[in-house]
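**Student:** Use these hints to put chains B and C with the ligands onto chain A, whose structure you have.
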Amino acid sequence: MFLIHCPICNEPRSEDEFHCAGEGHIQRPLDPMATSDKEWGDYLFFRSNPRGTYRELWQHTIGCRKYFYIKRNTETYQIYKTYKLDDKSERVALDKEHSNKNKFGDLL
Amino acid sequence: MKKYSAFSLFKHGLNHHQDWQRVWRNPTPKKHYDIIIVGGGGHGLATAYYLAKEFGITNVAVIEKGYLGGGNTARNTTIVRSNYLWDESSHLYEHSLKLWESLSQELNYNVMFSQRGVLNLGHTLQDMRDIQRRVNANRLNGIDGEILDPQQIKEIVPYMDCSANRRYPVLGASWQPRGGVARHDAVAWGFARGASELGVDLIQQCQVTGFEIKNGMVTGVKTDSYGLISAAKVGCVVAGNSGVVASMAGLRLPIESHPLQAFVSEPIKPILDTVVMSNHVHGYISQSDKGDLVIGSGIDHYNGYGQRGSYPIIEHAVAAILELFPNFSRVRMNRQWGGIVDTCPDACPIISKTPIKNLYFNCGWGTGGFKATPGSGHVFAASLAKDEMHELAKPFSLDRFYHGSLIDEHGAAGVAH
Amino acid sequence: MKQINRVRQNRSSKDFACSRIDFSQPIHFSFNGKEYTGVLGDTIASALLANGIDVVGRSFKYGRPRGIVTAGSDEPNAILQLGNCEATQVPNVRATQQLIFEGLECHSTSGWPSTRFHLMGIFGALFARFLPPGFYYKTFMAPAKWWKYYEKWIRKGAGLGRSPNRADEDIYEVINQHADVLIVGAGAAGLSAALGASRMGARVILADEQNEFGGSLLSSNIKINDRCTRDWIDAVVAELINYESQGQLLLLKHATVNGYHDHNFLTIHERCTDHLKDKAAQNEVRQRYHRVRAKQVILATGALERPLVFANNDLPGCMLASAISTYINRYQVIPGNTLVVMTANDSGYIAAIDWHNAGRRVAAVVDTRKSHASELSKQVKALGITIIYQSAVIEARRKRLNSRVCSAVIMSMDSTGDAVKGVKKLFCVTL
Ligand SMILES: Cc1cc2nc3c(=O)[nH]c(=O)nc-3n(C[C@H](O)[C@H](O)[C@H](O)COP(=O)(O)OP(=O)(O)OC[C@H]3O[C@@H](n4cnc5c(N)ncnc54)[C@H](O)[C@@H]3O)c2cc1C
Ligand SMILES: [Zn+2]
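Protein chains in written order, with the numbering used here: chain A, 26 to 133; chain B, -5 to 411; chain C, 358 to 788.
Hints were generated in silico from the structure; no laboratory data involved.
From the three backbone atoms N, C-alpha and C, an ideal C-beta is built for every residue, glycine too.
Don't take every hint at face value.
What the hints assert, rightly or not - For each label pair, taking beta carbons as the anchor points, the in silico distance ranges come out as:
#, chain 1, residue 1, chain 2, residue 2, range
1, B, 201, C, 592, 51 to 59 Å
2, C, 486, B, 152, 21 to 29 Å
3, C, 522, A, 28, 35 to 43 Å
4, A, 28, B, 199, 51 to 59 Å
5, C, 509, A, 36, 30 to 38 Å
6, C, 528, A, 36, 26 to 34 Å
7, B, 199, C, 430, 30 to 38 Å
8, B, 199, C, 755, 41 to 49 Å
9, A, 50, B, 127, 33 to 41 Å
10, B, 199, C, 579, 41 to 49 Å
11, C, 430, A, 111, 33 to 41 Å
Unchecked claim - Per the computed footprint, the stretches of chain B lying under chain C, defined by three or more beta-carbons under 8 Å from a beta-carbon of chain C, are:
#, region
12, 223 to 231
13, 351 to 357
14, 366 to 377
15, 398 to 407
One chain only, chain A, in its complex shape (with noise of 0.2 Å):
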């Protein structure tokens, strides 16, 4: 049972107050009319699903109900960090990952 420690109440609280709602950091489409089948699937349907780091989006569903993300290893379960939505400093060292592997990815 994690303990998770919500950046907005700034409490440590369990597991069973909050809600997964999936991996963090995906950018909806800015035109959905321009956007290709496959860019709408990507986006719909595809995350990166690691072994390792993970940063996820959460809500504190029975407590202040407000969303957050969490940065923590999927393998572990070892929470690294917790943070507001309005944190720009873990959408950088995505940014940087994502540049350095994939190489393959625009094959799909």
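**Tutor:** Relative to chain A, chains B and C with the ligands alone:
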């Protein structure tokens, strides 16, 4: 292959079982195979078996990072049924169920397939409407199914609380008499024995760490214990690790990996003769031949590769079972464990070619692929052998997520089994 | 029936200084429909052993007779069905963990027509060699449609106790707890840790699955600072109770820590009334579940003795050496007349000394090691007990199909410990 029978047991008993043939060979891999199957779970082993048996392709290796059948095959709650809603999926699962019905004889290995029937309970009017729709759809597809009222349910499961004053009263159920359970390990071992006998190399303790890809075509796999092994075609059947393995080829899949756990009680005398599932209270239960109550419920709602489940699910599962069977309150749980299930957005598998030539994936069976083991192996083998997806596999291609032709089985997949 | 294996001495005698039973309070219970008497503090196991019962169950497949092997939660054989009425049936209770209370009813979970006379036992003895592990994968395949019937028969034979078929009427409770330190196990290490942490002002939870704190000290005759273990435990527990009354500490007996989940979340299953009565009183909680989030966790669960491997080591009368000491010191029960000890280290000597001091015969201590002069081996020799070095028990023998051990077959080993030579038979009833 030395045949198994009561007679062979007797004969070997006379000399204290000293000279049984090994169940499978333990070879060192060759440099090249016609087809490499990555993942030695039930699906991978079944694929190899049918490749050799039905399509005469025997220069095949199954590469397994742990031991054979040690993944989800070893961890599941063994429910087998085919009463899915949509034509595409019910045809696929029914194909599998038909193979189950003669599997012990086919493999000369008793997989203890027990057709004790499966009940899917309804607790609300909407549940009952869904059940009616599904049973009707099943019947149109030639699949057995009935709708039972609480009285009829009570006859099959006398100790379930079907009274009307419960928080979630049992209003009825769908009943598939041909459904049931099987002995999970035996399925893997039976396919392994059959495949090995036909010439397939089963390579254990060998992890695939990458692919050799030339001009957009796969030419081999990289492994930790034996380096590069080349292959004309590669089929990946790695259940909870599909995303990880796909990323070795630079691919992404519409898959998220979640922990799913199961529980068994201490062994008790027979008290439950069928499989009971409820989407609504969200739990399911059967009793193994050994006497354990075998229990499951939902996946963890977040991704994880921990092969253990989260605590809230444990409480939830127990509560769900006690809602149906208040008399099990004093039976003690014995063990609890987890597997990693790869779930697709539409709760249906992916059996598909990929953008990389000759690289195939069979994955995304999520919480319910054990029942598909023989069928999945059979259609995947056919697809690999002929370089053309089997008719039953075609709807499950990867590009359905771009065309939008999803097959939404969330209702029939229901409670995660 | 009489408690033939009970030593009737009171606690003031020096050999039973740490006994935990109370002779002044006899307790009546029934096992397989027969009435027996034990005393307050007895587990079902210690009371049955006191009454000279050796067969408590049957093995699952071959129907071999089985006796009590351990004195704790690791008991593999003495698995009983408990309960005085349908709604209070509990399957698979270990006799070594359940305290007796007045009117307790329990049954063996295997054996037909009875545990003593068992048809499967005869069948098993005759046909075991044709039913190796996993035999069912190799047969029952023809004709295909008969599997239903084969399976029915297999299922009948399987399973231990039975589930009640009526809803549970008792009340259960769940509590959330928070602790600076959760200590699992209240033996010498756990008690000391609890004391240390409490003295520093930490919020502590101490949980132990046994009915008393003390762990292995409860069955030991050793001295701590020249005082018997009982005095030491009592003093420590008294101080801990003092912290508990200040609300800083929670002491949980009959409480098994049964889950250790992510981020130091643990669950404790506390049995509040199981040791007192068949059914909790109205508005009384039968069992309580503690969900604990702890800052620190100390696992002080001690060690379990593993059984040694030899032919027929499952016969009634073959017990763990530590269990023998427990039954003697804690319950004043000597499970047999003549003892043979096989050991691979000095702790086996303790059982021999305890047995001898309790007034019964030790035929020999069989030690797999070369001869040596440890403190304990000197003590054993001084008592006139034979030690047979560099030897091992290779087989336990019985007289009849359903009887307990009657002799131990011993062979000496060469320096590699592999080859054995020479055969010797020692008569004993407990091994
Ligand atoms: C708790 C639980 C309950 C379930 N209950 C049911 C049920 O009641 N009914 C039902 O139909 N289904 C059920 N399922 C689902 C079912 O178990 C799976 O869908 C099915 O067993 C998958 O079979 P598989 O052979 O594809 O996977 P697995 O048996 O997991 O085999 C995949 C193998 O791939 C290996 N592998 C992974 N990565 C590599 C690599 N890089 N190199 C080499 N080898 C690799 C793994 O070690 C593993 O052995 C359940 C699953 C779980 C976890
Ligand atoms: Zn909050």
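**Student:** Decide, hint by hint, whether the structure agrees.
**Tutor:** Structure-based check of all given hints:
1. 201(B) / 592(C): 51 to 59 Å: Once the Cβ atoms are compared, 56 Å apart, the range 51 to 59 Å for residue 592(C) and residue 201(B) holds.
2. 486(C) / 152(B): 21 to 29 Å: violated (39 Å)
3. 522(C) / 28(A): 35 to 43 Å: holds (41 Å)
4. 28(A) / 199(B): 51 to 59 Å: The hint (51 to 59 Å, Cβ to Cβ) is violated, given that residue 28(A) and residue 199(B) are roughly 36 Å apart.
5. 509(C) / 36(A): 30 to 38 Å: violated (57 Å)
6. 528(C) / 36(A): 26 to 34 Å: For residue 36(A) against residue 528(C), whose Cβ atoms are near 32 Å apart, the range 26 to 34 Å holds.
7. 199(B) / 430(C): 30 to 38 Å: holds (35 Å)
8. 199(B) / 755(C): 41 to 49 Å: This hint holds: roughly 43 Å between Cβ atoms.
9. 50(A) / 127(B): 33 to 41 Å: Given range 33 to 41 Å: holds, Cβ gap about 39 Å.
10. 199(B) / 579(C): 41 to 49 Å: holds (47 Å)
11. 430(C) / 111(A): 33 to 41 Å: violated (53 Å)
12. 223 to 231: Not satisfied, violated; 0 residues make the cut.
13. 351 to 357: Coverage by chain C is violated for the region 351 to 357 of chain B (0 residues, Cβ < 8 Å).
14. 366 to 377: The restraint on the region 366 to 377 of chain B is violated, since only 0 of its residues have a Cβ under 8 Å from chain C and three are required.
15. 398 to 407: violated (count 0)
The structure does not agree with the numbered hints 2, 4, 5, 11, 12, 13, 14 and 15 stated previously, though it agrees with the rest.
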